[in-house]
Structure formats: C-alpha cells, structure tokens
Amino acid sequence: EDKVVQSPLSLVVHEGDTVTLNCSYEVTNFRSLLWYKQEKKAPTFLFMLTSSGIEKKSGRLSSILDKKELFSILNITATQTGDSAIYLCAVKGAQKLVFGQGTRLTINP
Amino acid sequence: NAGVTQTPKFRVLKTGQSMTLLCAQDMNHEYMYWYRQDPGMGLRLIHYSVGEGTTAKGEVPDGYNVSRLKKQNFLLGLESAAPSQTSVYFCASSTGSYSSTDTQYFGPGTRLTVL
Numbered sequence: 040e041d042k043v044v045q046s047p048l049s050l051v052v053h054e055g056d057t058v059t060l061n062c063s064y065e066v067t068n069f070r071s072l073l074w075y076k077q078e079k080k081a082p083t084f085l086f087m088l089t090s091s092g093i094e095k096k097s098g099r100l101s102s103i104l105d106k107k108e109l110f111s112i113l114n115i116t117a118t119q120t121g122d123s124a125i126y127l128c129a130v131k132g133a134q135k136l137v138f139g140q141g142t143r144l145t146i147n148p
Numbered sequence: 002n003a004g005v006t007q008t009p010k011f012r013v014l015k016t017g018q019s020m021t022l023l024c025a026q027d028m029n030h031e032y033m034y035w036y037r038q039d040p041g042m043g044l045r046l047i048h049y050s051v052g053e054g055t056t057a058k059g060e061v062p063d064g065y066n067v068s069r070l071k072k073q074n075f076l077l078g079l080e081s082a083a084p085s086q087t088s089v090y091f092c093a094s095s096t097g098s099y100s101s102t103d104t105q106y107f108g109p110g111t112r113l114t115v116l
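These protein sequence lines are chains X and S, in that order. End of the first sequence = 148 in the working numbering, gap-free, step of one. End of the second sequence = 116 in the working numbering, gap-free, step of one.
Take the hints with a grain of salt, since some may be wrong.
Pulled a few chain X residues facing chain S out of the computed Cβ check, cut under 7 Å [what the hints assert, rightly or not]: (1) 84; (2) 87; (3) 140.
What the simulated footprint calls covered on chain S by chain X, stretch by stretch (three residues with Cβ under 8 Å from a Cβ of chain X suffice, anywhere in the stretch; the number is not a length) [claimed, not checked]: (4) 44–57; (5) 103–114.
Derived from the structure by calculation, the hints contain no laboratory data. These figures come from a predicted structure and were not determined experimentally. Each residue gets a CB set at the ideal place from its N, CA and C atoms; glycine is no exception.
Pulled out of the complex, with its shape left as it was, chain X reads as follows (with noise of 0.2 Å):
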C-alpha cells in the first residue's frame, strides 16, 4: 500500500528560526513528489521535485529529493510569521497523489 509519512507533524518556533521538514515514502512508480502550504484554505504548490539532489528553491524555501533513501526535505529560512501553516508533502504515483499527513507549523513573533 502506497504510504506518505510527514514528520515533525506539528512544530512551533520563533520567528528567525530555520525549519526542516521531512517526507518519507513508499509509493510505486514514483513519479513526483511535491510540497503544497496550506493556510486557512486550499492547498497552493511549492515545488515539483523528480530528480534526486538537485535543490529547487524560492526564496527563503527549498527543498531536495533522495530516490535512494526515499524522502525528501523542505526547509525555511528566517521563518516569518506568514509562513505558519500547514505543509503537505505528496507523491505521485502511477495515476494518483499520495498525501502525507501534513506539518503543522506555527511561528511565534
């Protein structure tokens, strides 16, 4: 059975702080994984990642794949009180998206 594990699945830091957020999966025909934020309601894309080590990055946000040890990693830098949210990490299989279970981050002034 296709499966996405977030971890941590709620973190709560000071504005400044940097973040990590991981993604594990067992999904087959992996095709993409992809990190969504969701605020108060639909979920919006961050990044496609299909490739292992290449870094894609927007900002003060990046993220990286590994297809060998299957996970992936989104981190924040110099977290800001807009980035609380919710973070989705999915995978893409043969005709479907595989959700985690989502990080909820909370940044506190």
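Dock chain S against chain X, hints included.
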C-alpha cells in the same frame, strides 16, 4: 480565468439527507479529483476521473458517488449523509497523470457538517 471552483462553500445536513457538491474547472484539464480532509489525516482521495465519462475509486470511496458528464465538471454525491462524513472537501484538477511534471490545482473547499 477562475481555475477550480466549488459550490457550495458551506453546508449543514441532517443524518440521512442527500446532497451534491459541484466542482468546475476552466483549464481544460483531463483529470479531476475529490478529496476529504480531516484533522491530522492529510488529504484522502475519495474518487477521481481520468476523463469525461470515466470515474474511479480512491482511498475512501464508501458512501460517495461521482459523475463526470462534462469535462469541466465533477460532481460528488452523498446519498445518505452520516456524521462520519463531516469534513472539508476539496476538488482538484490536473492535465493528466502520466506526465511526471503534472501538478494538481485545488478548489477553495466545501465545509460539510452532518448532524
């Protein structure tokens, strides 16, 4: 260009009532999906469609039915609502799953409460 829209945004049902959630997309996407999101559970796939006139079961299909009569619309039906179906429902669409670079675009969600 509205993207993915969902109606209604909120709904309260009594146990045993029926209702239909409507999802519409204007991106000419082939694939459409219905998810439910419960606290601590992430997003779970209910049903999905790989094209007009086709549907398939996802991870948690029981108690739901779907139809894709038109490419741009994907309907989710609850024939006899149960309190366990209280959740936030998200619709999504994508160009097609065989592309490794395909990503899903989500609607704003429908918050359903079943009393």
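Hints versus structure:
1. 84: Result: holds, 6 Å to nearest chain S Cβ.
2. 87: Holds: closest Cβ of chain S sits about 6 Å from residue 87 of chain X, inside 7 Å.
3. 140: holds (4 Å)
4. 44–57: holds (count 6)
5. 103–114: Since three or more residues must qualify, the claim that chain X covers the region 103–114 of chain S holds, with 8 doing so at under 8 Å.
The structure fails none of the hints (numbered hints given earlier).
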